[in-house]
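Could you put together the complete structure from these sequences and hints?
Residues in the sequence shown are numbered consecutively from 1, following full-length UniProt numbering.
Don't take each hint at face value.
Stated by the list, open to error - As a list, the in silico SDA-like pairs of lysine to any residue whose alpha-carbon atoms are at most 25 Å apart:
1) Lys211 <-> Thr263
2) Lys219 <-> Asp197
3) Lys241 <-> Asn229
4) Lys200 <-> Val298
5) Lys200 <-> Pro243
6) Lys200 <-> Thr142
7) Lys211 <-> Asn229
8) Lys241 <-> Gln212
9) Lys241 <-> Asp161
10) Lys200 <-> Ala305
11) Lys219 <-> Arg288
12) Lys200 <-> Asp161
13) Lys241 <-> Thr263
Said to hold, decoys possible - Here are the computed distance ranges between Cβ atoms for each label pair:
14) Ser89 <-> Ile227: 40 to 50 Å
15) Asp69 <-> Thr289: 34 to 44 Å
16) Ser93 <-> Ser214: 28 to 38 Å
17) Asp224 <-> Thr289: 28 to 38 Å
18) Ser143 <-> Gln212: 38 to 48 Å
19) Thr237 <-> Thr291: 42 to 52 Å
20) Ala190 <-> Ile293: 28 to 38 Å
21) His194 <-> Ala134: 41 to 51 Å
22) Ala317 <-> Ala262: 44 to 54 Å
23) Ala262 <-> Pro236: 31 to 41 Å
In short, the hints are calculated from the structure, not lab data.
The C-beta atom is built at its ideal place from N, Cα and C for all residues, glycine as well.
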Amino acid sequence: MQTLCAHGEFRNGVDRNDGRGVRSRRTAIITVFMSFVSLLCCVSLLGIPASPAAAAVPGISGRGTDESDLSACERALSLGFGDLERYQSALPSYLRLFSAVDAQSRWHTAAVECPQRFAEGTVRSALADDAARALTDRTGITSVVSSSSASVDDDLTMHVDATTAAALSLAEDRAGFAFEILASRHNADATLYHLSDQHKSNAQVLATVVKQESDPRQKIYAVDSLIANPDETTDPTNGLKAPTAAIVEMNCALEQLDAVSATNGTNATESNTASASSSSSSDSTATRTDTEIHDLSVISSLIAAHIATAIDLGYPAMETALLH
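Written out as structure tokens, the structure is:
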């Protein structure tokens, strides 16, 4: 075959004098082929089967049931376990980042849609968010991560029961008071004062969002431990040593998880991974109303943001410490 060269002359498409044109074309073909193989490998890796815990949930795709038959809860669990496995794997950082971002969203959905998994979904969502932010720093890809807000809107509307709302408000108020004490012990630290104001504002909103017989906030709490250990202390819930501010923030989150999980009839920090088979039946058959979905979504996002803040303050990002 002849082609028109830059000088207007016709010449053969392959220089046959020494075979370099053949080798160049052969090299290009090999390069394209290897790129295609690499792409297939990535696609294959992204299709890693769900973990054993996910496999225990009835109706998981690839386990004999049509994907369309999955409930919102089952779908969130199936995808969430898969994303969890991928972002904790040895895949390239950018693929792990995308999986962590997806995991954050899917575990949030699991927290909202699965009656027995509010705490687990919220905690795993927060840990996935932390992983995504770490991978963002590593890859430089910043546009895909969107973290939850640790503040509630002044015009928030919720329909949770008064007991749950009171417990949520009390946890926020207790943390707000503790951060105020810590700020004063750290030369009027601006960050700690900001956290104090944020928690107190949340407490105010949550105390009034549902009609209460009395204000659930106590305003003043025990300070002995804070004064004795303003820098570092031991978390009484699990024995971990961490910065005092981080423990204050995490304890607020765990107290709120307890409040919501008490309503759902589950232990807040109990991981359902080991008991997926026994609990998934109620998970998959129970349905949420739009009001319940809204309320639980707001609360889960708030608690996940507190967990993420605690990790930023130095609390160990250990799943085993938060789910047991």
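Verification of the hints:
no. : hint                          : result
1   : Lys211 <-> Thr263             : holds, 18 Å
2   : Lys219 <-> Asp197             : holds, 13 Å
3   : Lys241 <-> Asn229             : holds, 11 Å
4   : Lys200 <-> Val298             : holds, 17 Å
5   : Lys200 <-> Pro243             : holds, 21 Å
6   : Lys200 <-> Thr142             : violated, 31 Å
7   : Lys211 <-> Asn229             : violated, 37 Å
8   : Lys241 <-> Gln212             : violated, 37 Å
9   : Lys241 <-> Asp161             : violated, 35 Å
10  : Lys200 <-> Ala305             : holds, 16 Å
11  : Lys219 <-> Arg288             : violated, 35 Å
12  : Lys200 <-> Asp161             : holds, 21 Å
13  : Lys241 <-> Thr263             : violated, 30 Å
14  : Ser89 <-> Ile227: 40 to 50 Å  : holds, 45 Å
15  : Asp69 <-> Thr289: 34 to 44 Å  : violated, 22 Å
16  : Ser93 <-> Ser214: 28 to 38 Å  : violated, 52 Å
17  : Asp224 <-> Thr289: 28 to 38 Å : violated, 44 Å
18  : Ser143 <-> Gln212: 38 to 48 Å : holds, 42 Å
19  : Thr237 <-> Thr291: 42 to 52 Å : violated, 31 Å
20  : Ala190 <-> Ile293: 28 to 38 Å : holds, 37 Å
21  : His194 <-> Ala134: 41 to 51 Å : violated, 23 Å
22  : Ala317 <-> Ala262: 44 to 54 Å : violated, 25 Å
23  : Ala262 <-> Pro236: 31 to 41 Å : violated, 19 Å
The structure fails hints 6, 7, 8, 9, 11, 13, 15, 16, 17, 19, 21, 22, 23 (numbered hints given earlier, in ascending order).
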